[in-house]
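Visitor: Sequence:
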Amino acid sequence: KNCGALLTFCGIVREEGGIEALSFDIYEPLLKKWFDEWQKRVDFDGISLLFAHSIGDVAVHESSYFAGILSKQRKLGLKLLNEFVEDFKASAPIWKYDVINKERIYAKERSTKLCGAGL
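In this text, residue positions in the sequence shown follow the working numbering: the first is 36, and each later residue adds one.
Treat each hint with caution, since some may be false.
[As the list claims (entries may be wrong)] Taking lysine-lysine and the BS3-like style, the derived pairs with C-alpha atoms no more than 30 angstroms apart in a straight line are:
#1 K124 x K36
#2 K36 x K68
#3 K68 x K110
#4 K131 x K143
#5 K131 x K107
#6 K36 x K114
#7 K36 x K143
#8 K75 x K137
#9 K114 x K137
#10 K143 x K107
#11 K67 x K36
#12 K67 x K143
#13 K110 x K75
#14 K137 x K36
#15 K124 x K114
#16 K36 x K131
#17 K124 x K68
#18 K68 x K107
[Stated by the list, open to error] Computed spacing ranges between beta-carbons, pair by pair:
#19 E72 x E138: 34 to 40 angstroms
#20 D71 x C38: 37 to 43 angstroms
#21 E118 x N37: 18 to 24 angstroms
#22 E138 x K75: 16 to 22 angstroms
Keep in mind that the hints were calculated from the coordinates and are not lab data.
Virtual Cβ for every residue (Gly too), placed ideally from N, Cα, C.
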């Protein structure tokens, strides 16, 4: 591929609210469908899209999420990376829990209602 830009985003668990870690549950079939739709959306002009997200507990100061775009030009890559990360936060079937005193507590106030999830 004739690419001129590799743009990445790495999400790190912040130390706030007394949490020791965040914990994640993922519904993988729906996540794969969501990602496949994104790959079709960017399947033009040699763009490649990648991401990884942790399952289970992730301690404070560790990475839970990585996304990247490989594109011909920086401006398009930056635009697509921002759109991808924002859509991931709004649409990906991932449920987040705070871990406090080794107990998982659903982070409802920081969660986005997922259409069709029944939550």
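Visitor: Regarding E138 and K75, is the given constraint of 16 to 22 angstroms on their beta-carbon distance met?
Guide: 40 angstroms, violated
Visitor: Taking only the CA atoms, is the gap from K143 to K107 under or equal to 30 angstroms?
Guide: Violated, at about 39 angstroms.
Visitor: Taking 18 to 24 angstroms as the hint, is the beta-carbon distance of E118 and N37 inside that range?
Guide: 23 angstroms, holds
Visitor: For the pair supplied as a hint, K114 and K137, confirm whether the alpha-carbon distance does not exceed 30 angstroms.
Guide: 38 angstroms, violated
Visitor: Measure nothing beyond the straight line between the CA atoms of K124 and K68; if it is 30 angstroms or shorter, mark the hint as holding.
Guide: Given that 30 angstroms is the threshold and the Cα spacing comes to 15 angstroms, the pair holds.
Visitor: Given the hint that K137 pairs with K36, does the C-alpha gap stay at or below 30 angstroms?
Guide: 46 angstroms, violated
Visitor: Under the criterion that the straight-line Cα-Cα distance not exceed 30 angstroms, is the pair K36, K68 satisfied?
Guide: With Cα atoms ~25 angstroms apart, K36 and K68 stay inside 30 angstroms; holds.
Visitor: Can you confirm whether the C-alpha distance between K124 and K114 stays at or below 30 angstroms?
Guide: 16 angstroms, holds
Visitor: Against the 30 angstroms threshold, does the CA-CA distance of K67 and K143 hold or violate the hint?
Guide: Since the Cα atoms of K67 and K143 sit roughly 24 angstroms apart, the hinted pair holds (cutoff 30 angstroms).
Visitor: Could you see if the CB distance from D71 to C38 stays within 37 to 43 angstroms?
Guide: With a Cβ separation near 21 angstroms, D71 and C38 fall outside 37 to 43 angstroms, so the hint is violated.
Visitor: Could you check the hint for me, namely that E72 and E138 are 34 to 40 angstroms apart, CB to CB?
Guide: Between E72 and E138, where Cβ atoms are some 35 angstroms apart, the hint holds.
Visitor: Is the straight-line distance between the alpha-carbon of K36 and that of K143 30 angstroms or less?
Guide: 42 angstroms, violated
Hints 5, 7, 8, 9, 10, 14, 16, 20, 22, counting from the list given before, are not met by this structure.
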